[in-house]
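There are 6 protein chains.
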Amino acid sequence: MSNSMVKALQGDKPLIGSWCAIANSLTAEITARSGFDFIVIDMQHGLLDYQDTVSMMQAMDVSTTPPVVRVPWNDTAMIGKVLDAGAMTVIVPMINTVEDVKAAVAACRYAPEGVRSFGPMRAMLSEGADYPLRANKEISLFAMIETQEALDNVEAIAAVPGVAGLFLGPFDLSLSLGLAPGNNDGEQVFDEALQRVLKAAKANNLSTGILANEALAVQRVQQGFDFVVMSTDFMTLAGGLQMNLAKVRTE
Amino acid sequence: MSNSMVKALQGDKPLIGSWCAIANSLTAEITARSGFDFIVIDMQHGLLDYQDTVSMMQAMDVSTTPPVVRVPWNDTAMIGKVLDAGAMTVIVPMINTVEDVKAAVAACRYAPEGVRSFGPMRAMLSEGADYPLRANKEISLFAMIETQEALDNVEAIAAVPGVAGLFLGPFDLSLSLGLAPGNNDGEQVFDEALQRVLKAAKANNLSTGILANEALAVQRVQQGFDFVVMSTDFMTLAGGLQMNLAKVRTE
Amino acid sequence: MSNSMVKALQGDKPLIGSWCAIANSLTAEITARSGFDFIVIDMQHGLLDYQDTVSMMQAMDVSTTPPVVRVPWNDTAMIGKVLDAGAMTVIVPMINTVEDVKAAVAACRYAPEGVRSFGPMRAMLSEGADYPLRANKEISLFAMIETQEALDNVEAIAAVPGVAGLFLGPFDLSLSLGLAPGNNDGEQVFDEALQRVLKAAKANNLSTGILANEALAVQRVQQGFDFVVMSTDFMTLAGGLQMNLAKVRTE
Amino acid sequence: MSNSMVKALQGDKPLIGSWCAIANSLTAEITARSGFDFIVIDMQHGLLDYQDTVSMMQAMDVSTTPPVVRVPWNDTAMIGKVLDAGAMTVIVPMINTVEDVKAAVAACRYAPEGVRSFGPMRAMLSEGADYPLRANKEISLFAMIETQEALDNVEAIAAVPGVAGLFLGPFDLSLSLGLAPGNNDGEQVFDEALQRVLKAAKANNLSTGILANEALAVQRVQQGFDFVVMSTDFMTLAGGLQMNLAKVRTE
Amino acid sequence: MSNSMVKALQGDKPLIGSWCAIANSLTAEITARSGFDFIVIDMQHGLLDYQDTVSMMQAMDVSTTPPVVRVPWNDTAMIGKVLDAGAMTVIVPMINTVEDVKAAVAACRYAPEGVRSFGPMRAMLSEGADYPLRANKEISLFAMIETQEALDNVEAIAAVPGVAGLFLGPFDLSLSLGLAPGNNDGEQVFDEALQRVLKAAKANNLSTGILANEALAVQRVQQGFDFVVMSTDFMTLAGGLQMNLAKVRTE
Amino acid sequence: MSNSMVKALQGDKPLIGSWCAIANSLTAEITARSGFDFIVIDMQHGLLDYQDTVSMMQAMDVSTTPPVVRVPWNDTAMIGKVLDAGAMTVIVPMINTVEDVKAAVAACRYAPEGVRSFGPMRAMLSEGADYPLRANKEISLFAMIETQEALDNVEAIAAVPGVAGLFLGPFDLSLSLGLAPGNNDGEQVFDEALQRVLKAAKANNLSTGILANEALAVQRVQQGFDFVVMSTDFMTLAGGLQMNLAKVRTE
Ligand SMILES: [Mg+2]
Ligand SMILES: [Mg+2]
Ligand SMILES: [Mg+2]
Ligand SMILES: [Mg+2]
Ligand SMILES: [Mg+2]
Ligand SMILES: [Mg+2]
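So the protein lines, in turn, are chains A, B, C, D, E and F.
For reference, each letter of the first sequence is one residue, going -15 to 235 in this note's numbering.
For reference, each letter of the second sequence is one residue, going -15 to 235 in this note's numbering.
For reference, each letter of the third sequence is one residue, going -15 to 235 in this note's numbering.
For reference, each letter of the fourth sequence is one residue, going -15 to 235 in this note's numbering.
For reference, each letter of the fifth sequence is one residue, going -15 to 235 in this note's numbering.
For reference, each letter of the sixth sequence is one residue, going -15 to 235 in this note's numbering.
Read the hints as simulated data drawn from the structure, not as lab findings.
Treat the hints with care, since some could be wrong.
Same chains, same names: a pair is fine if it fits in one copy or spans any two.
[Claimed, not checked] Pairs of lysine-lysine residues, derived as DSS-like cross-links and limited to a Cα-Cα distance of at most 27 Å, are as follows:
hint, residue 1, residue 2
1, Lys(-3), Lys231
2, Lys231, Lys(-9)
3, Lys86, Lys186
4, Lys183, Lys(-9)
5, Lys86, Lys231
6, Lys(-3), Lys86
7, Lys121, Lys231
8, Lys86, Lys121
Just chain A, same shape as in the assembly:
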């Protein structure tokens, strides 16, 4: 079994990770060498094309930090291209229905189990010659639960064979629940939503992840999330520059 993210999730410790949104292999390498338990390349909201993702995956492989790719959408063609580039773990956004998640699972698997087309280019290089035999078993899919509709279907989504975990998007979920985009702890619908997702996941032996931040990361772990994204390169850079400058300005 060589999926490093899956292995990491099997350990005792909750995982703390970061998110790459800048299209650059150097910022990706910086992130990968920062000590996180996993890293996500964000093709959805990151300002990235496919080629950026490929070179960022290379840059991340200089470290042993498990890499994960969030694809832009539940799109069979792009999921296939990302897997061909060597991704072993993908997060698929906006999984709202059982049909959605079945399509995502099928996109990750070769026939006859799925509809992924065969042509593992970099995957064969980085995973080795037995990749075709292992791919269907080892590739790991996290479905994003981030709308009211997804929440309504979460128990059924979690029960679909081939899903490895649920990843909760608090900003979109909040918007869909009629709240401001963000973390709305204390709002009953928000708190209940988190519990419902966690429960559906546990019932099906799935991992659970969530996007958080520095302040919330520990709390999310205590709530039972297995892996937590706590930062992005974009915000860390922008925030860091402003914070440092503010200190000097006020001295």
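Since chain A is already given, all that's left is putting chains B, C, D, E and F with the ligands on it; use the hints.
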């Protein structure tokens, strides 16, 4: 209200713009500094990827010329990525039905009004911290009317809440009407099509735009179009080089 | 008639080609200058974005070797973008039904015959000013037959007007037939599948192509395939380096 | 007078800036929008080529923050290319002698005052049509003083007409003085070196800049430096990620 | 003999060319397909890196228009890299002395005639296997005469074996003569400078080229120049956009 | 001691390596994963810019194969940039004199031992926080001996402190000796040149490397060379495609 294209359309003057089809931030900057009232980055027929669009948007922001992005297709994922990069005004091609335009509107708006996923990266940088509060109201969508089917539905399309304007594509519309690709003024079906689009737009208080050329721009304004694309970087360069050479050759 | 791939297929000789999967215009030029009868830029499993494809098409046009583009998926928008960049022959993967192939044909043709949007940028440059008149007739589409479902429908698929040929994908077809990914000559279902595709093509006067390798190329020609892909840049480089090193190591 | 860095230096306040070492126009835009008084694109130790510098200069021009470029070396050709791209202020490293600084001055000026070759491409676009008339007067050159040899010659270097300021590199200077690379305040040779540079500059009415950090910025201002670089994108990102992670790990 | 620029110069007609300053292979292809007799990729004032030059050379080779490269400076390393990429004709700026031109000649030739290092990568691909035998003979070097110093030495420069021609830079020459940058016809020192360069070239059987513009091209040919650059992509695009817009604005 | 190339050279086995000339991080990764004992990124004759080198260095660091960089020329600025990017071993071409090699050594070392400027960006990331302390000791420099002049000075060159080895370039050396570019075994001047270089190296306890090919690699090892480059990505791809095609054509 900070959507510069919307502000420009609220002025008294019709707007004259140009189209960027070359994947290059320098040609984009040259265009943005040429004095046009607005500029369109064309992801549909321009030879561009998403990253090219992002760097061209940066290059355009060195000027105050309002930037517009035409997305490649009526695709929720790519519309979202373009908005995340800071586009405030998008043109969506091939809107043929009410369903098409409703999907495009939804792609431009956060829940609960739409299905846009939250993650405004560069948009937050260029628009400021209150962007999430303003986005649904300020982002502006132009639907392209360019087929017989679209024409048949144009009154209903124009009436869909959330459309800011109609943009007429004369080449595709001509083909769809059985004419040669181009401007077919004088052909009754073509002339009537323009009038029908203009009328449907006015009835719903929408802006109207059209692709024209140097010779037709003034006429289109006189016909009532609010904004007119009169040139592309690609054709201006190719045509300019050939014209200049021809003059020297014949001297 | 200026589609160089179509012309080559009209000759007496079967065509031997190669596949470009590396996102680089120099490797594309090396391939184009290697003496093959045609070259395919593989946007599906190659690690390529659209811009890579454009610059690789330029690099290939330094030679007279006919270029072909395999698009990532049966996607109207991307097929249009590839044609706008000057591709005259496209291979569309995973054509499983008559509806699939009709959509692919429509994506390749301007209205009223199809739904391709007008805006031939580089195509006009490389093909000349009469391109709009010739495009619908000269653009050539190969449908990939690579699943059990496609096989079940192959006679109907082959009969759809506007298809120029069938291209058989042995790896995906094998997976779909329950075999290991690869060339499964000797397995009855595999051998019969090849014959069925060849027969359906001949019955409709279509060209037939297939992905093979150095060892199988001649056999595939003898079986009746008109064009055979025998290598990829990726595998030739990786295999060549390893083979050469092995010789030195064992001396 | 349109050199924004020169204007800023004429103000009452000391300037606090940041350094861009990552080859990316988005990180450049993030930096430019962070509130600094000036920004330096570092072609010497930044991992940048010339094209990166050009697109980063575009990204910076979306803000009004004065941009400065440190060239890789005292090289006439590259200084010219950077000026052609629109840089109005350049820092030239390793100016050790009067001959060095005269060569740098000449590289910044058109004949007959210097040897810069004429061809202001983007400079004409961003600075306007009268750029050729203004360039020799307005382009501003900062000479880096960062070796024992430079220190020995600093009074003579400062007296060369055409130098706008001295920029002290404490890391290289420390190494050259036999100290560890860094800020060696308290070491007599280091402290005296700073004073000597400041004095030579003041005697010739030159601006003085220095590379510092968050902790030292205010002190450097108090010592009399007119502009201080306090951070880099590279270190701010790397340090920020590690610091945030450390907080979560220890909670 | 396969140097297409040399062949073109041997014809009866004076050659009219254009200049590429935009780092883009599509604008290079547009230029190459515009009908000019030759094209120059300008690495000196164009906003180009080496890789841009390589892909623009590829784009130009889709046509039969002879390509020429102006290197950034009289630099042995970069001249070698450009030749390795397949350039057969180079223009070297700022040749002021016999030593300068001897160094440029040496940079273009393998030992024992010169100091060019062996490693013709793309050159071997585009020129064929006998390239090493032909290179020293066929590579063509144009020395730029564009300062008072160069003018003073022009007869001696022209007599150095291995120079194929002189290329006059009127802007830098004007500056060096104390005139405004541009074409200063009617100014005696300028007119005499042109005549002196032409005479020195003819006396040594060298070709002569000059940068001009649309208005001056024919006159320069009549003065005896063999090849004339009449436009740049940058100016043609910027000027074309502004001119077209101006027409519409004033209608 | 963390210079992996130095460690490899301290082993018992001669090292067999390959050369990367294609500007692509995927071909670099393919090469790095092919089993060679070391890999050289060739900035001199490879079609590479600095940024290409940086991303290829990242791609190579996914493996444990020691990476080496050949810089384009004996240029202090570019040697510094390559070291800042993390190169621990560099090959400098065309070292002809003691002055040449002293300049190259100085470019690799911080003051007071040399003139390298301080700013280890990626080097600090990949080598760790103690890099500044280790750099002067661990960075390894190979001087290319490839002209008659270099040969005349080879004993003196080899004796300069700070040189780690001599790398023989047989093509340039042959040209300089009046022979055809290539391996001229059997020609007395060539054979003697190799022996002289080997002897000078051994006398100073230096490593010796040479460019060879598949056929000559073992012989070069037997002659006493410690590391041998046997292939390039460019030639392996071009040769492999042609060879495979030839086999199919002749069947
Ligand atoms: Mg397939
Ligand atoms: Mg979301
Ligand atoms: Mg259209
Ligand atoms: Mg000049
Ligand atoms: Mg050599
Ligand atoms: Mg320094």
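We went through each hint and held it up to the structure:
no.: 1; hint: Lys(-3) - Lys231; in the structure: between (35 Å within a copy, 16 Å between copies)
no.: 2; hint: Lys231 - Lys(-9); in the structure: between (42 Å within a copy, 25 Å between copies)
no.: 3; hint: Lys86 - Lys186; in the structure: within (19 Å within a copy, 37 Å between copies)
no.: 4; hint: Lys183 - Lys(-9); in the structure: within (22 Å within a copy, 49 Å between copies)
no.: 5; hint: Lys86 - Lys231; in the structure: neither (51 Å within a copy, 39 Å between copies)
no.: 6; hint: Lys(-3) - Lys86; in the structure: neither (30 Å within a copy, 45 Å between copies)
no.: 7; hint: Lys121 - Lys231; in the structure: neither (51 Å within a copy, 36 Å between copies)
no.: 8; hint: Lys86 - Lys121; in the structure: within (16 Å within a copy, 35 Å between copies)
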